[in-house]
Amino acid sequence: MRSLFRFLLRNYFVLMFVALEAFSFSLLVSYNNYQRVTFINSTNNFVGTIYERLSHLDDYFSLSKTNAKLAAENAALRTQLQRRIMLQDRNPLMRPDTVDAPAYIFTAAKVISNSVNKQFNYITINKGYRQGIKQDMGIVSSEGVVGVITNVSPNYATGLSLLNKRFSIPAKITKNNYTGNLAWDGEHTNTADLKEIPFHITVNVGDTVVTSGLSSIFPEGIMIGTITKWDQADGTNFYNIKVELSTNFRTLKYVEIVKNTKQDELKKLESNNVGE
Amino acid sequence: MIKDFWKYVIMFVVLVLIQVLVLNNIQISGFINPYIYILFILLLPFNIQGYFLLGLSFLIGITIDIFGNTPGIHAGASVLLGFIRPGLANLISSRELIEKGTTPNMIQLGFANFIKYVIIAVLIHHLVLFFAETFSLSDILETILRWILSSFFSILIILGSQFIIFKN
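Sequence lines, in order, name chains A and B. Letter 234 of the first sequence, counting from 1, is numbered 234 in the working numbering, and no numbers are missing. Letter 137 of the second sequence, counting from 1, is numbered 1137 in the working numbering, and no numbers are missing.
Worth flagging that the hints you see were computed from the coordinates, not collected in a lab. Warning: the hint list may mix true and false statements.
In silico EDC-like pairs for lysine to aspartate or glutamate, Cα to Cα no more than 20 Å straight-line [said to hold, decoys possible]:
hint : chain 1 : residue 1 : chain 2 : residue 2
1    : A       : K195      : B       : D1139
2    : A       : K242      : B       : D1139
3    : A       : K165      : B       : E1133
4    : A       : K229      : A       : D185
5    : A       : K65       : A       : E143
6    : A       : K242      : A       : D231
7    : A       : K69       : A       : E143
8    : A       : K242      : B       : E1133
9    : A       : K165      : B       : E1142
So that you can see chain B by itself, here it is in the shape it has in the complex (with noise of 0.2 Å):
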């Protein structure tokens, strides 16, 4: 358990780092800003408390709030992952595997179940962040071809990382 803290520390520590001072500083243009930092509420186990979960989903969203001046911005969509994460959880886990409460990850999910997770859950967050960071319904297919470009973008690093991880 306390080893389990420790790595989840850790993958917080890196992640916002990893989103901050690199990938925030991507300029190819203004249409990809990929967005990884999810993975943090995405990896976390199955059985978490559903207070603890929001918590966290706010912890980084805020987290990363601070760092790129857009408050509020990213709190609220990571909380809205952090909210549908149990239903997401429950469409492509069986109830087994849920109730021993494993860390959702390539392996224990399968890489097809876990490819569908990714997505979904990038799709969705991406779509409340980029809308709330235009907030407003003008110019509504720049916000669309923003949030289809930066999603294929985040779901290919997130993928990507896994399969670099899992395969060592």
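Same shape as in the complex, but just chain A (with noise of 0.2 Å):
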């Protein structure tokens, strides 16, 4: 026994240091199993208050970008509820169904921190669950696709950016309607891989690429990007398109998480199918 006390005591500088290597390599490893490992991360109360004293601060620099941006959406809403009146106008029987809660309601949220230059990237936002953010809520901006929740405190919450190898949504081509995957290619801020579109289907390049509608994270037609270039790798049946993502992510002020009324619903139902 006092053999072994000797031994550890000799020896601590090594057996800490193994100690302590262990204990990160399990956090990694727990991270890359999806499994949240709450207390390390930025959602954390301290760390998200931080960065939001920061981000107050960055905003001033960019006011009249963020403005520019602002009224550009408002015009396309615009456009979209002139072409809905004139519809109503037109058939005056089409009412849309007011008893029917709307499927997907959109909160809007400030972004605080936004890595773009890691191999997975992360976006934190200034809305946490006591604002009823919750898990799998999609992330929006004006622009387009942005990425999903996945930690959330009272007030604060931290997500996925579309910018993370571990992500993947499936998109589709707006002008065939075929569903593929798209991830980020890890290479640039602004390109990703659609993948699964089959050989027979004709690709241009300058083809809208928006959301399929099949995950129950985000509704169906957000825009993600256009085709810049596709190829047919040897061996596969299947094409290598890149994706030119609408998103500037560098610049990315707010955002708007998506949340799906009939998600649990949806959930419970497919859920069913898999038990039988």
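Given two chains presented individually in distinct reference frames, assemble the corresponding complex, making use of the accompanying hints.
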């Protein structure tokens, strides 16, 4: 027993090193498995507050840019509204169903921290579960898809950015409605790969790629980007398609969190199918 | 001793803030991410107790992890740096300096030795860091490029800051 203690004392430097490395490694691995380590991320209050303060300061330098973006979004929404009014005028019998609640509800939030230069990028916003934010809600901006919420604290939330190799979303080409899977290529902050589009489809540079609505996170038809390059790899039946993302992640300031009011119902229904 | 304690506390806070608020937001390209917070580990006195050295290395690593949503990656790389630091100190310094417990800075070590010290430390730390971040050997060339470019800028910033501080 005594010799054991002596051994431990003499080698405590190595043993402590091994213990700390093992602990770090377990953190890394558990995060890779999507298990959430709740304390070690920027949803915690202290880090969130620091990021929020800094973001206030940073806002003053980008006021005019943000204004221009909001104005553009206003214009786009007004056009949509006009079109809807016109449709209703033409057909007085067509009235939106006011009994049914809307399937998707949008909540505005501000980005307080957002990384773009890592392989696994995360985004922190200034709303948490007190404001109704929950895990697995989508994040969109006026420009397009941004990411999905993974961690929530009382007043802050973090999510995977689209620029994260662990994130992929079902996407479709608007022109022909064919769906594939879109994931970041890990290289540039404005390009992603669209996979699983079979060879018999005609693909053109400039085609629009939007969310497919196949996942319960995003509504159908939210802009993702446009096709910039495609080629046919040998030995597969699928295209390699490069998509230029419409969201500028470097200047991201304001986002909207998408809540699917029917997500629970949908998940329950789908899990029933698996059970049988 | 107390004066030294506060000096290191301030250095810790300043380095973490510079790292997470300024350098983590540098967006030149995905290949250049300088990490200069390891200067804290490098500047701890030579005669520091082993458990203190490892403990502080872990502490600054995990702090950077919490801010950057990268659990374990910086902590692991920093602890490794803390572990090899005594060996590195023997390599670049005399026994006399180490036993006296001097701070391994530019004046005490001399310019050439300090540069050697920083370069070796940054290269080892960043190598572990970037491979732990990618967590695979695919895209190995990109990871190596990221390692070399980032190390270059980290070394540049660390040496530059030390040069400015000691010139005044």
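Which of the listed hints are not met by the structure?
Result: hint 8 breaks, nothing else.
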